[in-house]
Each structure stands twice: as C-alpha cells, then as structure tokens.
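S.K.: Here is how the chains run, residue by residue.
4 protein chains.
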Amino acid sequence: MRHMIFGESHGPAIGVVVEGVPAGLDLDLEQVQKELDRRKPGQDPTATARKESDRVEVLSGVFEGKTTGAPLAMVIRNADQHSGDYESIRYTPRPGHGDYAGFIKSQGCLDYRGGGHFSGRLTAPLVAAGAVAKQVLAGRGVWVGAHISSIYGICDASLEDTEDLKGVAAKAFPVLDDGKGEEMRQAILEAKEEQDSVGGAIECAVTGLPAGLGAPDFGCNVEGVFSQYLFAVPAVKGVDFGAGVAFSLMRGSEANDPFEVRDGKVVTRTNHAGGVNGGITNGMPVTFEVTIRPTPSISLPQESVDLRTGEEVEIEIKGRHDPCIVPRAVPVIEAAAALAACQVLGL
Amino acid sequence: MRHMIFGESHGPAIGVVVEGVPAGLDLDLEQVQKELDRRKPGQDPTATARKESDRVEVLSGVFEGKTTGAPLAMVIRNADQHSGDYESIRYTPRPGHGDYAGFIKSQGCLDYRGGGHFSGRLTAPLVAAGAVAKQVLAGRGVWVGAHISSIYGICDASLEDTEDLKGVAAKAFPVLDDGKGEEMRQAILEAKEEQDSVGGAIECAVTGLPAGLGAPDFGCNVEGVFSQYLFAVPAVKGVDFGAGVAFSLMRGSEANDPFEVRDGKVVTRTNHAGGVNGGITNGMPVTFEVTIRPTPSISLPQESVDLRTGEEVEIEIKGRHDPCIVPRAVPVIEAAAALAACQVLGL
Amino acid sequence: MRHMIFGESHGPAIGVVVEGVPAGLDLDLEQVQKELDRRKPGQDPTATARKESDRVEVLSGVFEGKTTGAPLAMVIRNADQHSGDYESIRYTPRPGHGDYAGFIKSQGCLDYRGGGHFSGRLTAPLVAAGAVAKQVLAGRGVWVGAHISSIYGICDASLEDTEDLKGVAAKAFPVLDDGKGEEMRQAILEAKEEQDSVGGAIECAVTGLPAGLGAPDFGCNVEGVFSQYLFAVPAVKGVDFGAGVAFSLMRGSEANDPFEVRDGKVVTRTNHAGGVNGGITNGMPVTFEVTIRPTPSISLPQESVDLRTGEEVEIEIKGRHDPCIVPRAVPVIEAAAALAACQVLGL
Amino acid sequence: MRHMIFGESHGPAIGVVVEGVPAGLDLDLEQVQKELDRRKPGQDPTATARKESDRVEVLSGVFEGKTTGAPLAMVIRNADQHSGDYESIRYTPRPGHGDYAGFIKSQGCLDYRGGGHFSGRLTAPLVAAGAVAKQVLAGRGVWVGAHISSIYGICDASLEDTEDLKGVAAKAFPVLDDGKGEEMRQAILEAKEEQDSVGGAIECAVTGLPAGLGAPDFGCNVEGVFSQYLFAVPAVKGVDFGAGVAFSLMRGSEANDPFEVRDGKVVTRTNHAGGVNGGITNGMPVTFEVTIRPTPSISLPQESVDLRTGEEVEIEIKGRHDPCIVPRAVPVIEAAAALAACQVLGL
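Protein chains in written order, with the numbering used here: chain A, 620 to 966; chain B, 620 to 966; chain C, 620 to 966; chain D, 620 to 966.
Heads up, a few of these hints could be off.
Identical copies carry no separate label here, and so any pair may be met within one copy or between two of them.
As the list claims (entries may be wrong) - In silico lysine to aspartate or glutamate, EDC-like type, Cα no more than 16 Å apart, as pairs: (1) K653 with E779; (2) K790 with D663; (3) K937 with E676; (4) K884 with D925; (5) K884 with E930; (6) K653 with E706; (7) K790 with D656; (8) K685 with E649; (9) K653 with E676; (10) K884 with E922; (11) K884 with E931; (12) K790 with D882; (13) K785 with E933; (14) K799 with E812; (15) K884 with E812; (16) K884 with D647; (17) K659 with E782; (18) K785 with E813; (19) K884 with E802.
Rather than coming from a laboratory, the hints here were simulated on the basis of the structure. Predicted, not measured: the structure shown is a model, and the values here were computed from it.
Same shape as in the complex, but just chain A (with noise of 0.2 Å):
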C-alpha cells in the first residue's frame, strides 16, 4: 500500500490515492466518516470553532462494497473557508509555519491561503487513508490505539496494558485519565486565553504484529517504516521508541527486556524496546511516542520579515486556530501507523 495526499487548505478539494489496497475488503465507509469525525474540530471546548463537515467521496477502487486491488481514491471537498483571513501573510512569513521554507521552495508560487498544502486539514485524508488501513490490519489481527501521553507538561497515567487504549477512541478528549485530562484541557484553554498555545504528546501502540517483519537494513527495519509515515504528519517533531528517551538513563540490567514463556509463547515481560529489536518486530507491541509541537498560529504579535522588501515586521496571525492540536492529532497519528504497520506487514 502506497499513497499520495493532495489538495490545499483552500482549494477546491482535498483528497488521496491509495494504491495496493487487497481486493475482497468490504469497505465500511462510515468507519472511515467516524476517524474522521474523530479528527474534525468542534469536538472539544478546547479546539477551534473552525467547522469542517469533511464528508469523504469514494471515485475509485470499490465496487458492489468491496475493495478491487484497483487504486482506492477519496475526496473531501473543502467549504467554510476565510480565504480573505490570509491575504496579509502573504509575504510575511508565520514563525513555526512552512510559510518561509514553502515560499522558497516554491520560488514564491505558493497558495499562502490557510497554509495551503501545509495546512494540518491535509491530514483529513491522511486519517481516511489510515482508516481503510486499520480495516485491512483487523482482518490480520492487528489493532492501533493512541492516547494523548502529555501536554505542556501534564501527563496522562501511564499505559499499563494496551488494552487499556480501546475505550480511549471512543472519547472526545482521548485520555486514560480523564482528571488529568481535564487538568490538560486546563492548561490548554490557559494558552488560548493568552493568544497563545501548547504542545503534548501522543503515545501509540500497535498490536498483534508477529515476530519476524522487518530487517536491520536501510529501508526496511520497523522503526525507519514507522518514522517516515509519522513524520509526515505536521506538527511532529520527535518519534521515540519504546522507553524512548529514558533509554539514555538506564543501564542495560534496567533496559534488556527478560524473555519469559507465557501460554506457550516467548514474550518479553517488559517491553522496553517498544516490540523492536535489530529492527525486526519481536512480536510484542510496537510502542512509540510522538511529540507535537505547539500550534504555530497564535495571536500574539510575532517578529517577520517582508519577503518582498526584505524588511523586519511585526505581524498578527488571524483566523480560528486550535491552541492545541495534540487531542486531533491522535487519530492522525493512529492513521500513520496504520499505514507503516500495513507497510511493514509487506502489504
């Protein structure tokens, strides 16, 4: 399975083509609209009031209800747009945006609107793409989940058992522990008060992928597939493994995960390494979490330059942000390892 996402913010569609889909799934659509209602603002107080109905077309790839192998192609047409809300960053790049890099990449032919094709709505098809993803793993018995792990510092419990995650999809502020939730929820609404806003992170895990995928090698060990696809999804700057960064305080007695024998299987009894050693799949859970960078729109004046003049200013960002893009993004980030694990499942 392979994909391509297209469209801007402020075109007239958005969409993606994924190729390499098995024939013979019979498609539910209306768990792909529910991820993606999952993802949508206007869930939570603490998100945007941006409305985005973001009903998914199928033109391809499904026929009588089932998949046919052919390319799997889905359109979001866009709609509520203030297009007008952008006129004035044109030339004066957003800090913490790809207004500048996007500027110079494309030798000043951008669709500057809403963040064009950077803007984080390009992940509404990224979470279709992944929601059809997730539908090929359930027939293999493979399963993704995701909980908001921290925000500005507030951390949920922490993830004890992965079944544990299976009632977090279904809440609109997805954590373990709804009274640090709440706790977030109040730090983010903080943020917004002051024009400003926070960043989190999101602890994922995958299960029921077999020991033996992958390789060491570039291009094929677990842990490259899975950072490629997570990169890809704005806003993410970090992706750590298993115990992640506390690796670099441990010893090796703390961070070796004992094999033990349970129902006839060998497991680790912890799983320190996130279900990857050697960049081979041990048959554990692969574990991972992701930091989101704050929401780069805030209202606060901020320091640009003119491209046009190459003078220094002083800009405002309008428009309708989230302060937090942390609680959406976990559907997202899901949707991106379901692709990866399909890919590493050499689907």
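Based on these hints, arrange chains B, C and D on the given structure of chain A.
M.R.: Structure of chains B, C and D alone, referenced to chain A:
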C-alpha cells in the same frame, strides 16, 4: 546516492556499495580511514578491548583517484574473531538484542556469531559510506558534526553555536565540555565494573543546507528522510528534531522561531525547529538528537528462553563488549546524517 | 515527478495525482485539454462512436495559474456509460483482456463494467499528466512527438528527421504520409466491417535531452526507465529502441553510429542507438517504437469459460469499441514518454 | 529482492549485493558456478579467446550453507586483463559503446579500460544474482529458460512447448535446432573473419508463475517489471512480449487467446499474450524476446572524435572481442528474468 550494506561480524568481510556518487570527486581515502578510526574500538579506555583494524579496500567506482559515478564498493575484511564465545547463545536469545527477532525472521537460519548481520560492527561500512558522503557535501558547503549530549543522565554543555562542534571530532571522547566528559567516563566505568552498561544521547547538526529542500509529503519530508537513515543505526531508539521532546513542554510563543534579517539574509533568531518547517529546510542548521539505548550485551546473568525446548533459562554473555556505545556511535550518526543530507539535496 | 492514476471506466470519476511538479510553471490548461482531445474518440471515422467529453478539473497544485510544487490532482468525471452492456461478461472473461487475470488477482471482486480499472479510458488521466510533463519539458528544451508507424502491416513513411513529427500532432490521423494513412484507415474499416480489429505500431522521438543522463545500472538506465512507463500503457506489448528489432539482422559495422562534429558539437551520423548508449543518453533524439496489439474487444463470437461453473462457453462482446486503438494511442505514448523524460532528467 | 552490481572490467573485482533473499535456502554454490560457466567466454569457438575464470566468493548472507536473509554479497576477482589495449581509445569514443555518453556523464572521469563499468563483464555478477534467484524460484515451482531465437536473420526453430527449453541450457550453443545453430555459427565466423560482428535475439520463458500477479498500474505491471531488468543488460535494445512485434500485423481474432479448460484449469489455447493480460499474469508462461545489438567492438576502422581536440579521427579497436554476444547472453537474460520473476512474486 543509494547504499547497501552487507556482511556479518564473524563472516569473511563486511562492506557497502554506494550508487550514485557524483563523478569527479577527488576521493580522499585517508579521510575515509580517519572516520573509520574514530569509530574503531580501543580509542578510549571506556571502550571494548576488542581490536578491529578496519582497513577499507575500494573495489570499484574510483579511477585515478577520482570517483567515476559508477557504484563505489568498499570492503573491510574481518579479523580478531572469537567465534567460540557465541556458541552458547545460539538458541538462547540475549535480552535487548536482535537475536530472537532475527531467529524468527530467518526461521532459525541465523548467523548468531557476534550478532551476525545485526552486529554494531556493521556500522563500519556505514561510516565509510558516510565519509564519502561528507566529501561530496564538502564540495557543496555542507558540513556534519556531532557530540555526545548525555550519558546516563550526565549532560554535555548545550550547543550554542554549531561552530563549536568543529573541534569535537578530533577528541577520543567527543564532548563540548571535557569536565562533563570525565563524569560520563566515570559513569561508564562504574557500569562496566558492575558488569552493566549505560545509554545516552548524541546531538548532531548539519550546516549549509540551503532553504527550500524537501516537501511536506510522505517520502520527501526532511525529518522523515533523516529519521530513516538514523533508525537504521543499531541502538538508536529515538530521533528528535530541534527542541525535540521539549516541544511538549512549550508554548507556541516560546517554540516559534522569530524571523529576522542578518547579513541581508532571512534567518530565524532561535532554531527550535531544527532547521525544518513543514518538512522543508529553512536554511538554518538541521539539528536533532538521537537516543542510544544501553549496550544490550552485559555480563550480568539474564533471563532467556531456550528456543529448542521452550524452557526458561538463565544466560551469561561472554565476549568483550563496550559498556557504552555512545562515544563510538558519534561518527556513525554523522555518517547516517551525511547520507541523509545527500538524499535531501537530491544527490 | 511521480504519479498515481485512479478510476474505473464506469465509476464516478478517473484521475491522476502528480507529485514533484516543479513550482512556478504557468500551467496552460487549454493545452492539457487539447492533448485530451487528441486522445478522445470520435476524432476520426475509424474510432468508436462512444462519446467522452473528458473535461479535466484541477483539484490542487495550481494557484493563480502557476504550479506550486504541491501534488497536482486532476479529475475527469465519467459520463455516457452503458454499464448494462457488460453484465453478460461478468463471469466469462473476454479473450485478450485483463478480465481473467484481474478476476483471479481480485479474488472475484472486480469492477467488470467496461474493463473497470483496466479500461483504455484510464489513459485519459495519463495524457493529462503527460501534458503537464510536456510543459515542464518545454521549459528545458525537450520535445516529444510520435506518429503511427504501421497498422496491420501498412507502414508510414520512415522518419528521416524528428522535425517532421512537429506537424503530425495536429492531424486527426497522425501519420507522416497521408496516402499511407488512407490505406491504414481502409484496413481498419475492413476489419471493423468484419467485426474484427487490427494492431499496429507507434514510433516516438524525444528531442533535446542532453547527453550524460542515466546510468547503466538497474533502475537508472534510460531504456529501462522509458520502458516502465511505456508498458504501463494498456495494449503495449513491445518496446524497441533505435533500430529496434532490426538490430538482430545487422552487423556491427552497420549498427554502430559513427561520431562526427556538427556545428561544433559531437553527434552521431546515424542514430541506430536511439539516443542511448550504455543506458545513458548520448545527446541524439531518444527514439523507440512500441507495438500495440489489436483491440481485444471484437464482436465476433469467441471462446471463453464460465468462471462460476468451469464450463467452456461462447461469448459475444457488445458495446462500442475502437477497431484499432493505434491512432488514439499516439498522444498516450507521447504522454508516457514525457513522464519518462522527466524522470530521466531527475525531475 | 533488490540488487546492486558493482565493479569495472579492469578494476580489482566485480560483484553484487542481493538484499531480501529469503532465509533458509540451501544455497547450491556449484549451481551458481555452473551458471557463471555458461556465460564465460571460451565455451564455443565463436566466442572471444579471452579467459575469465570467474570464481565467485560469497562474502555474506550465507551461514552453514543456508541463506540467512541478510544481504548476500558475491565477489569475483578480476584477472587476465590487458589494460594497455585501451589507452588509445581513452579520448576517442568507440561507436556503439557507452564511452561517449559515459565520458559526458562522468565529466571525463571514466574508467575507460575495457569498458569499465559498462563492460559486458558486469553481466557475470548479474548471472550470479540470477542463479540465486533461480534457486529461490525453484522452491516455488517457477522455472526460467531461454534459447537463441535468431542471429543475423537465421532463426532457430520456433518454440512450441516451453518444455523444449529444458535441454537447451546444457548446450555450448543454446538453440533448439542444432542445424540452425550451425548456420548461425557460420554467420558469426564469417563476420569475425571480416573483422565485424552480428546481432540477434533471445527468446525466454518463465513457467510456473501463478495467475493474478502484478497490476495494470505504473511500477507494478508485469511487462514493465521484466523490461526494467532486461534493459539493464548491456546490448539489449528491444523487449517484446508474447507475439511481440507480430501483434502489429495481426487482427484481434488472431491475437486473442481463446480460453479453455484443461485438466480442470482455465488456460488459454494459444499464448500470444505471453502470459500477461492487463499487466497481470494469467497463469500461462511469461514469454518474451529480446533483441541484442551486434557487438560494438569491431576491428574495422571506425569514425570517432577526439574529445580533447574536437577533431574527427579514425580509430581501430584492439583487444579480443566476441563477434557475437548472443550465445553468451542467454544465461544473462535468464538471470535478469529470474530476478524480475522474484519481484513479480513479491519476494
């Protein structure tokens, strides 16, 4: 530039083939050898006593001292092998190693001696390929440097200016602050004393990449490209760009890098983004930190399972192992980063 | 530039996503439409009476008339479908078609209507993508042209000078010698009369590619790159460069192209090599001929097997089909060649 | 399975790395050597008198006689080199060779001795890789065979049954009809006598591939995959599947392969399609013919240009060359086809 690494720790030879090296480069083989020497054991008392001469032989792709553009093959013959040390672990996988995952993947047909193809020794050809990449980059004004940023919780001085990395490469123990380095050494030697090992982290910077390289899309984004090379280095469990995991503790107003004009050029005052916005280079140094897990090979008794009988057993690993691989991994991370930078440049 | 084509003949829409289009190109959509019109049926009395309006809609990648470098998505809505015509062949594959192979691959979940994703109609998005590629190439002095070289054994005049192709594109029946074209038309109409079809060949030239592109190695050599694009065109069964199959009848002294200096430039007197030596362009036009099989859809009774019962059956194909697809395939081959040329140029 | 071939004709060694070889294969190195021996010169009086011992050394990927799944590296040391023969052609490219294109590509930094990386000698590692692929395929019931189908217009008997290829591999001059083979030999010796060379064609069949492999899409279709491997063989200028160029002379009623049931299996009575419909295997043997250009190295005087001075010059090529490479190319084409078949099978 694409590469394939081959070989096993106790086989006849290890090596690498690099396709797409630009023609006409005056290949400095002494420099390649120097990079290999930085990586080889025995440079510092904290490292393994194992000897690796690691003389590289160029089999192709160079003529009259210049690269021809044809595939460049480099081979290093193996020597000083104590294969007998490993017979005992053939069917009892070492915790934290690729032994078990590799056994399953290969259906039992694994060269178990010294980690086989999973061995850290396979980073030698990676360093050789990276040394070629560094020379290619030098001709384009791109430079790669790294330092140990922490070992077992002891942190090096923070990197204020990437210029400060220039002096680090020559050190046997590559840190910015030698006092901190001495503390790190103590931590390593203590762990060694206790038959244990320790983890750490390496910070790396790539300077001179022009703005506008990469794209937000899957397979093209700069962070995704770098991470794929970095996770292919054994023992790397996390890759975090710019401010990295600290983004999760930040507000947007702290995280966003303000634009300013310096020497007539648009730059950012800070570089929390690590030189990448929206998957595209912004002209600032590309910076990232990788987390290196503690060496899994420790002499302490550990729990394993005999894969023939399914019985739980206790194992003791013999052989000479680094109590901390972080110092020797510094040139390896640089090599991976150099190869990634070549890909980002479209070489 | 990488592309993904999607859609089925009788689904809601067909289309293509093209990644990596250089930014800043003034995209001439009229020109894209003109290429589509060259391909559409009804241009010549020898073609099918089926109507295809084929209006292309650009969904992304273009802003204020210029390409932005973001993925360019183009969609063509389907219309004028007679899906009922195909019910009878659902389980009785048509000889020469992808029906049977597709049925097995998709485990029976095939959109059988009008060939589904295998339909020649899917060459419309390919032509659209190729039209974009042609505009990219034009900015680099590269031009692509083709003519019908033979139909059912009737050969067009031989191509002495690639300049002669410039006038061919505007013709409804794209040949160099219109007298020969009239003979070909007769052969097609005779076949049509007899409820049959005929095959032929197309010769194509790409001019302006500089010497030194490509490499002898797998995945890089120019002939391999072109052939991969060309064989992705339905009905292409052979790809032959330069003198092509005639090389098997030649001596080296005839086949070798002597070097000479013309206008201060090294060129070859003849171009039997088709512009490629050792997998690398030599600066001469890249020329090749593709063989196009006769349209498999013929009205004559044919032998098939009912895939439900395993019984041999006789089928008759209804619907409106081209008795010869060679004329309409000319812009398709040009499109595939243009995309290949972009890859060879490293775009 | 992916491979990289390296080396130059007059460098220290040539070789290949093959990634993704399935683990657990009892690698028969004698069989690998036998395939190399089929390719080596001196098997038949029509071939060059040059000696190539071509002993392959396995550097990695095999342990205790079995493949481990790790990259398999094979190296062949060079010997019997007459490098002095080539000094004269350093700046005067030989017509028909990659000399000029390679000179431009490498900006003059070309190993010009014996064709360097462009040498037909580089087909030896390809044969070695293909010999491994053949063993992988054998375990899956897939078999590859080929014969000389024509030389200088003299055609071998036509291949009625792919079984007939089984006896051909053992012949020094691999044809179905030895009488025709004798005529071909005469044509080669006549050309040799006249300091010239001749071209020809090879027909190849891959049997045992199940129906349903591949896809119509770019990068996936079976003909495209095979052609990419085949055009990577030096001197191949055309690849034609099934009826090949004869399709251009056919009517649909002749070209279409009628379906029938044989031994309870759906097959086609004829195999004009060469086992591929719509880019997907249909269960019949995959058959194709490749056109091999005449050896460009001939002793007759030829016209060239001195690349230093830009003057037209006459050159004479010294050295020992095959007056026809078709016979020795038979195992090479088989090797390329075997690697392609592995890719089509998803290995």
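S.K.: Evaluate each hint against the coordinates.
M.R.: Verification of the supplied hints:
1. In this homomeric assembly, K653 and E779 never come within 16 Å of each other (Cα to Cα): the closest approach is 27 Å inside a single copy and 46 Å across copies.
2. Taking the shortest Cα distances, K790 and D663 sit within 16 Å of each other inside one copy (10 Å), while across copies they are farther apart (53 Å).
3. Proximity of K937 and E676 under a CA criterion of 16 Å is satisfied in neither setting, with 31 Å inside one chain copy and 31 Å between copies.
4. Within a single copy, K884 and D925 get their C-alpha atoms only as close as 63 Å, which misses the 16 Å cut-off; across copies the closest is 12 Å, which meets it.
5. For the homomeric pair K884 and E930, the shortest alpha-carbon distance between copies (11 Å) is at most 16 Å, but the shortest distance inside one copy (66 Å) is not.
6. Proximity of K653 and E706 under a CA criterion of 16 Å is satisfied in neither setting, with 34 Å inside one chain copy and 34 Å between copies.
7. For the identical chains of this complex, K790 and D656 are intra-copy neighbours only, at 12 Å inside a copy versus 52 Å across copies, given an alpha-carbon limit of 16 Å.
8. In this assembly of identical chains, the alpha carbons of K685 and E649 lie at most 16 Å apart only when taken from the same copy (14 Å versus 37 Å across copies).
9. Taking identical chains as interchangeable, the C-alpha atoms of K653 and E676 lie at most 16 Å apart only when both belong to the same chain, with a minimum of 14 Å there against 28 Å between chains.
10. In this assembly of identical chains, the alpha carbons of K884 and E922 lie at most 16 Å apart only when taken from different copies (15 Å versus 58 Å within one copy).
11. In this assembly of identical chains, the alpha carbons of K884 and E931 lie at most 16 Å apart only when taken from different copies (11 Å versus 63 Å within one copy).
12. Neither within a single protomer nor between protomers do K790 and D882 lie at most 16 Å apart by alpha-carbon distance, with minima of 33 Å and 51 Å respectively.
13. Proximity of K785 and E933 under a CA criterion of 16 Å is satisfied in neither setting, with 46 Å inside one chain copy and 35 Å between copies.
14. Proximity of K799 to E812 under the C-alpha cut-off of 16 Å is found in neither arrangement, the shortest distances being 20 Å within a copy and 42 Å between copies.
15. Proximity of K884 to E812 under the C-alpha cut-off of 16 Å is found in neither arrangement, the shortest distances being 53 Å within a copy and 35 Å between copies.
16. Taking the closest pair of Cα atoms, K884 and D647 never come within 16 Å of each other, the shortest separation being 33 Å inside a single copy and 34 Å across copies.
17. Taking the closest pair of Cα atoms, K659 and E782 never come within 16 Å of each other, the shortest separation being 25 Å inside a single copy and 44 Å across copies.
18. For the homomeric pair K785 and E813, neither the shortest alpha-carbon distance inside one copy (35 Å) nor that between copies (41 Å) is at most 16 Å.
19. Taking the shortest alpha-carbon separations for K884 and E802, neither the intra-copy value of 41 Å nor the inter-copy value of 43 Å comes in at or below 16 Å.
The structure is inconsistent with the numbered hints 1, 3, 6, 12, 13, 14, 15, 16, 17, 18 and 19, although it conforms to all the rest.
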